[in-house]
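S.K.: One letter stands for each residue in the lines below.
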Amino acid sequence: MESAKEKPAVTYLKFTVLPEVILQLVAAATLMMLAAVVVLMIKGAVNAVITRNLDFGLTLAAALNSLLIAAGAAVIALPLSVVSAIYINELARPRLAEALWIVIRGLSAIPSVVIGFIGILWLLHHSRLQELSSLTFFHVSLFLALMVYPSLTSLLVEQVRRIPTSLRAASYSLGASRWQTIVYAVYPAIKSCIAAAGFLGVGKAVGDTAVILLLWHAAAKVSPAAVHSSRLLTLPIAIVMEAKLDRQPLGIYAMAVLLMILSLLFSSMGRSLMRCPWRGQE
Amino acid sequence: MRNSIDTGAVICSVFAAVALFGAGSLLALMGYLVLKGLWPPMRALAALIFAHSGDSLLSIWIRSLFLLLAATLLALPLAIGTGIYLSEYTRQNRARELILSNIAGLGEMPPVVYGLVGWGALAPYFGEDRQTLVIVLTASVWLLPQLIVAAYWALQEIPVSFRRDSLALGATRWQTIRWTLMPYSGRLLAAKTLEGMARVGGEAAPVIMVAAAWPDSSKQPLHILPYYLYRSLIEAVDPATTRHFGAALLLVLTSVCFQWAALRLRRTGVVAGDTLPGLRKR
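Chains A and B, in that order, are what the protein sequence lines are.
So the mapping is simple: our numbering equals the position in the first sequence, first residue as 1, plus 259.
So the mapping is simple: our numbering equals the position in the second sequence, first residue as 1, plus 10.
Worth flagging that the hints you see were computed from the coordinates, not collected in a lab.
Backbone N, C-alpha and C define an ideal beta-carbon position, used for all residues, glycine too.
Heads up, a few of these hints could be off.
[Unchecked claim] Short derived list, chain A residues pointing at chain B, Cβ under 10 Å:
{"hint": "1", "residue": "GLN439"}
{"hint": "2", "residue": "VAL442"}
{"hint": "3", "residue": "GLY466"}
{"hint": "4", "residue": "LYS480"}
[What the hints assert, rightly or not] Covered stretches of chain B (in silico footprint by chain A; criterion: 3 or more residues with CB under 8 Å from a CB of chain A, positions within the stretch not fixed):
{"hint": "5", "region": "90-100"}
{"hint": "6", "region": "250-261"}
[Claimed, not checked] From the derived model, a few chain B residues whose C-beta atoms are all more than 12 Å from chain A:
{"hint": "7", "residue": "SER35"}
{"hint": "8", "residue": "GLY47"}
{"hint": "9", "residue": "LEU48"}
{"hint": "10", "residue": "GLY117"}
{"hint": "11", "residue": "GLY137"}
{"hint": "12", "residue": "TRP184"}
{"hint": "13", "residue": "ILE187"}
{"hint": "14", "residue": "TYR194"}
{"hint": "15", "residue": "ALA208"}
{"hint": "16", "residue": "ALA221"}
{"hint": "17", "residue": "PRO225"}
{"hint": "18", "residue": "GLU245"}
{"hint": "19", "residue": "GLN269"}
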């Protein structure tokens, strides 16, 4: 009697594969794939260091070049993008601001090959071709800054927009002018975000390949000998050059790991500085 | 009599097995026929798309778009599964934060690093004949972390009250995800996917690395637009030709259009922000 009560009237089988199981499998497979990428790099790097297949001098010089060029790019791009972000958010009229925002978002997607193309054209047009090998950090940094500027600006615009209106309202109610509000209320509020944008910009510029590679090849065409001791030899360039050799160069993995560490360092510093103090107050 | 075998369930499962076998075998037969019939035209189409030669800019452009789409379609299901798993089935603790920040860091890695994955792991495995496959896989490995982060944040943007209401109505966890969270997170995910595609589709560095695996091969992957531009710029005596400008223009147009589509999908303007994409229309 009791068992009849517990049993449902109709018995049927449900053919259900738990979606949770599938999700777990997919997540495990994907995370393991990503881990495999990291393990591949680190294994190669450790191998290179153990078997002494690594040209320490070259690697360090390349890393130093990378850092200097990227820092130059960030130094050029950062003030520009701070000014642009403040203009877009605080000064421009809404329709102009909207248009500028759309344009800058679009510009941030421009591929770096195209920037390199522009760089080659500019160099051919404006400088003496014979002196391409005397290409300085400044030139390269300039083009990298061109590449980094739109993404830095759109990042900063989003941060400035997060500032609560009450902050500006308080500033205005104390009798501050528009300019004073920008300098004394808005700018201090985004200070840490500006630092963060600087770090993110360096992190983005450190890993760039195509711009510098194109400039490198343009320089190599003019004077092949002068190029090898060139300042253009950054980490990504060194990786590509080593990869073209026929033997399996191990040092390449060490360089890649160094590049990964640099990029991770800068991006994580940027992200930790990006934490907005008024997230909850929106 | 609780431990006795349920006759109804046994009969039911036998019937189900027979029915499934019959339907399954019939479906398999039909599928075989369809595949047999469609295979030659599909082969021809694939040959057209993946061919290594062919030098009209339009065909190169269409091919590289197609390959980008393939890479995205390859990475997207894995990324969505992982994102859902990380967002909905794991507890919010330090381990999850660590995994997430690492994945985000991987997503921001320089493209050369992913090129190195293609060069060191995929290219030797698949061989020279399947170069296109190597390039597509490299791109999808690069897309993977970006898309995981995108899927995760698209789900996190949805307020907790959605989940609570759905669970309170008696839905299971999976039903909550499928019918409450997915419809509202699709927009943001699509936007971020488009942004990732804009980035990956324009980047030449991974393709340069994959091509460097076979340096003296006659089969360079010239059917990828960024690599095509890079290669022809290197080889050209005069970089300022119409062809280069055309290729650069196509590259810029593609990336910028993807980015603008993403912007429209997000509906984040400077003037009117929208924290919950997709809510307004429904």
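S.K.: Please go over all the hints and tell whether each is borne out by the structure.
M.R.: The hints, checked one at a time:
1. GLN439: With a minimum Cβ separation of about 22 Å from chain B (threshold 10 Å), the hint on GLN439 (chain A) is violated.
2. VAL442: VAL442 (chain A) check fails; min Cβ-Cβ to chain B is 21 Å, beyond 10 Å.
3. GLY466: At about 2 Å, which falls below the 10 Å cut-off, the nearest Cβ of chain B leaves the hint on GLY466 (chain A) intact, so it holds.
4. LYS480: Hint holds; LYS480 (chain A) Cβ to chain B Cβ min 8 Å, cut 10 Å.
5. 90-100: Three-residue rule met by the region 90-100 of chain B, so holds; n is 6.
6. 250-261: holds (count 4)
7. SER35: holds, 17 Å
8. GLY47: holds, 31 Å
9. LEU48: holds, 28 Å
10. GLY117: The claim is violated: GLY117 (chain B) sits with its nearest Cβ about 9 Å from chain A, within 12 Å.
11. GLY137: holds, 16 Å
12. TRP184: violated, 5 Å
13. ILE187: violated, 8 Å
14. TYR194: holds, 18 Å
15. ALA208: Per Cβ check, ALA208 (chain B) is inside 12 Å of chain A; nearest 4 Å; violated.
16. ALA221: The assertion about ALA221 (chain B) is violated, with a minimum of 9 Å to chain A.
17. PRO225: violated, 5 Å
18. GLU245: The assertion about GLU245 (chain B) is violated, with a minimum of 9 Å to chain A.
19. GLN269: violated, 4 Å
In summary, the numbered hints that this structure violates are 1, 2, 10, 12, 13, 15, 16, 17, 18 and 19.
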